[in-house]
Amino acid sequence: MIILNIKDALDTISPDPNLILRTELLLMAKANKRKVKFYKSLAVAASLLFIISIMSVGGYAYYQHPVNYIDVDINPSLELEVNAFNRVIDVTYFNSDAEKLIESDDLTGCKTETAVALILQAASDSGYIIKDETSVVSLAAYGRNAEKTQDLLSRCTNTIQNQYCELAVYTATVSDELKSEAKATSISAGKLGLIKMIQTLDSTATTEYYRNKSVASIVNQLTCLCSEVNTGVSEETKANIQNRISGVNAQIECIEQNRRSQEMQGAGSPNQFNSSAEYGDTYSSSSVPGNQTDSGQFGGNADDPSNYCQPPATDSNNSTAYSGGSNQEIQSSANGKTNTAMSPN
Amino acid sequence: MHELTSKDKIKTALEKHSNMVYRICFMYLKNKEEAEDAFQDIFLKYILTDKVFECEEHEKAWLCRVSINRCKDILKSFRFKIVSIDSVPEPYYETSDEKAVLREVLKLPPKYKDAIYLHYYEGYTSAQIAKLLECSENTIYSHLSRGRQMLKERLGDNFEY
Chain B
1 MIILNIKDAL DTISPDPNLI LRTELLLMAK ANKRKVKFYK SLAVAASLLF
51 IISIMSVGGY AYYQHPVNYI DVDINPSLEL EVNAFNRVID VTYFNSDAEK
101 LIESDDLTGC KTETAVALIL QAASDSGYII KDETSVVSLA AYGRNAEKTQ
151 DLLSRCTNTI QNQYCELAVY TATVSDELKS EAKATSISAG KLGLIKMIQT
201 LDSTATTEYY RNKSVASIVN QLTCLCSEVN TGVSEETKAN IQNRISGVNA
251 QIECIEQNRR SQEMQGAGSP NQFNSSAEYG DTYSSSSVPG NQTDSGQFGG
301 NADDPSNYCQ PPATDSNNST AYSGGSNQEI QSSANGKTNT AMSPN
Chain H
1 MHELTSKDKI KTALEKHSNM VYRICFMYLK NKEEAEDAFQ DIFLKYILTD
51 KVFECEEHEK AWLCRVSINR CKDILKSFRF KIVSIDSVPE PYYETSDEKA
101 VLREVLKLPP KYKDAIYLHY YEGYTSAQIA KLLECSENTI YSHLSRGRQM
151 LKERLGDNFE Y
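Residue numbers (the numbering used here), protein chains in the order written: chain B, 1 to 345; chain H, 1 to 161.
Just so you know, the hints here were simulated from the structure itself, not pulled from any lab data.
Ideal Cβ placement from N, Cα and C applies to all residues, glycine included.
Please note: incorrect hints may appear among the correct ones.
Claimed, not checked - Which chain B residues stay away from chain H? Per the calculated CB distances, all over 10 Å, these: (1) Ala-45; (2) Gly-58; (3) Ile-89; (4) Asp-125; (5) Asp-132; (6) Lys-179.
As the list claims (entries may be wrong) - List of simulated lysine-lysine pairs, DSSO-like, C-alpha gap at most 27 Å: (7) B:Lys-33 with H:Lys-16; (8) H:Lys-60 with B:Lys-30; (9) B:Lys-40 with H:Lys-11; (10) B:Lys-7 with H:Lys-152; (11) H:Lys-45 with B:Lys-30; (12) B:Lys-7 with H:Lys-11; (13) B:Lys-30 with H:Lys-11; (14) H:Lys-32 with H:Lys-16; (15) B:Lys-40 with H:Lys-51; (16) H:Lys-7 with B:Lys-30; (17) H:Lys-7 with B:Lys-37; (18) H:Lys-32 with B:Lys-7; (19) H:Lys-113 with H:Lys-60; (20) B:Lys-33 with H:Lys-45; (21) H:Lys-11 with H:Lys-60; (22) H:Lys-30 with B:Lys-7; (23) H:Lys-107 with H:Lys-60; (24) B:Lys-40 with H:Lys-7; (25) H:Lys-45 with B:Lys-40; (26) H:Lys-32 with H:Lys-45; (27) B:Lys-30 with H:Lys-72; (28) B:Lys-33 with H:Lys-7; (29) B:Lys-7 with H:Lys-99; (30) B:Lys-35 with H:Lys-16; (31) B:Lys-30 with H:Lys-32; (32) H:Lys-30 with H:Lys-99; (33) B:Lys-35 with H:Lys-7; (34) B:Lys-35 with H:Lys-11; (35) B:Lys-33 with H:Lys-9; (36) B:Lys-33 with H:Lys-51; (37) H:Lys-9 with B:Lys-37; (38) H:Lys-107 with H:Lys-131; (39) H:Lys-107 with B:Lys-7; (40) H:Lys-45 with B:Lys-37.
Work out the full structure: start from the sequences and follow the hints.
This is how it looks when you write it as structure tokens:
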């Protein structure tokens, strides 16, 4: 009897060797195609990664690249580095008052106007801006694009004037030479510009002496020097400098006049007070009567306060530009035109 | 890594599993040409899969499962249904004793055929078959018992498993 079993029966089923060979070739071809596809995908992914990396690095570098510098001086003196997106990317402190005033982390990443507002808030909290006293803040801007720099300066000025009506704002744009010199002497370009004006009027004045002086005292000193006679400085030079500080002097005078009015009336008019705060060092000397006088601490005519409270016709395009220490180099840029200040005589 | 998994993997897989895959295909489709097409499809799927096999047994079980599923799909397909299975020539239905057993095995319903083949030829236990075919162990016992009984009835006393 033949014994049958399943295993023997199923053993008779086996694939044709040709089928195995054909299948092997087919699979090899598929695998190669897949390999090529894999490397293509890898190349595309690598390219994309490379492009994204380049864009990321480039974007980061662009973000971290400063295009404008804003020097803020009260007595605390610091500089904000601003990128093309109007964001603060770094803060440089020029004195210990500034270091104590605000942490750089609080300013980094903020919009420039916000950073300036934060600085002034901190200055107010720290007693550098006192309500019943007239304080002066200097804003000096430096940048390759003059139009954008001026625009940034105007926005910062407006931010200050909208919040601090008792604060006089001195604004200036900074030349390349002054910026380089300020960097070399570790002083803010805004303050150095003011010191250079003092040195023009007083050859014995040193940068070191005025380095830690407040902007208000420097402006006060400039006003006094301009009013002095027989100093050996030409009247034209004096007029030129007086022209530069006339705007801030007008603001100071207006603020003080308003304060006196409030004191006399018991309660002052806030509207009048606020309107005075819209002044900056941006007015032509002819619009400010105080420019014509030699008397008074800030050169103003206190008898006619209404003259000081006229809002400016154009203020954003008019600022002081420093280009060095000599008299000839201090120029006034008003309404886009360069004017040389005339002597009162 | 990829170089290893293309050439070597293909050769090794064909050497080890071609018989099993072809047998499953033939048992289901009962036709050489259809079995060969299914055979190539299954190995194509094998080479394109990203599945990582833990061991050789895992790989074998995966191929077994894929082979059964592929054959079932073909049997359900429109192309296969329009040609009656009875009209397909059966080259292995010969008169030899092994062929007689094979013929009767192939005539078994698929569920008994799977259990009989995997148990008596591939040597899987009922538990392993249950896991592979995703059904209960008792069901596999039942399928094996009924399959054996049917073969016994058809092949007589000179048949052993």
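Status of each hint after checking the structure:
| no. | hint | result |
| --- | --- | --- |
| 1 | Ala-45 | holds (15 Å) |
| 2 | Gly-58 | holds (34 Å) |
| 3 | Ile-89 | holds (45 Å) |
| 4 | Asp-125 | holds (63 Å) |
| 5 | Asp-132 | holds (78 Å) |
| 6 | Lys-179 | holds (58 Å) |
| 7 | B:Lys-33 with H:Lys-16 | holds (24 Å) |
| 8 | H:Lys-60 with B:Lys-30 | holds (21 Å) |
| 9 | B:Lys-40 with H:Lys-11 | holds (26 Å) |
| 10 | B:Lys-7 with H:Lys-152 | holds (15 Å) |
| 11 | H:Lys-45 with B:Lys-30 | holds (11 Å) |
| 12 | B:Lys-7 with H:Lys-11 | holds (26 Å) |
| 13 | B:Lys-30 with H:Lys-11 | holds (14 Å) |
| 14 | H:Lys-32 with H:Lys-16 | holds (20 Å) |
| 15 | B:Lys-40 with H:Lys-51 | holds (22 Å) |
| 16 | H:Lys-7 with B:Lys-30 | holds (11 Å) |
| 17 | H:Lys-7 with B:Lys-37 | holds (16 Å) |
| 18 | H:Lys-32 with B:Lys-7 | holds (20 Å) |
| 19 | H:Lys-113 with H:Lys-60 | holds (18 Å) |
| 20 | B:Lys-33 with H:Lys-45 | holds (14 Å) |
| 21 | H:Lys-11 with H:Lys-60 | holds (15 Å) |
| 22 | H:Lys-30 with B:Lys-7 | holds (17 Å) |
| 23 | H:Lys-107 with H:Lys-60 | holds (25 Å) |
| 24 | B:Lys-40 with H:Lys-7 | holds (20 Å) |
| 25 | H:Lys-45 with B:Lys-40 | holds (22 Å) |
| 26 | H:Lys-32 with H:Lys-45 | holds (20 Å) |
| 27 | B:Lys-30 with H:Lys-72 | holds (25 Å) |
| 28 | B:Lys-33 with H:Lys-7 | holds (13 Å) |
| 29 | B:Lys-7 with H:Lys-99 | holds (12 Å) |
| 30 | B:Lys-35 with H:Lys-16 | holds (24 Å) |
| 31 | B:Lys-30 with H:Lys-32 | holds (24 Å) |
| 32 | H:Lys-30 with H:Lys-99 | holds (13 Å) |
| 33 | B:Lys-35 with H:Lys-7 | holds (11 Å) |
| 34 | B:Lys-35 with H:Lys-11 | holds (17 Å) |
| 35 | B:Lys-33 with H:Lys-9 | holds (16 Å) |
| 36 | B:Lys-33 with H:Lys-51 | holds (19 Å) |
| 37 | H:Lys-9 with B:Lys-37 | holds (19 Å) |
| 38 | H:Lys-107 with H:Lys-131 | holds (24 Å) |
| 39 | H:Lys-107 with B:Lys-7 | holds (16 Å) |
| 40 | H:Lys-45 with B:Lys-37 | holds (17 Å) |
Consistency with the previously given hints is maintained throughout, with no hint failing.
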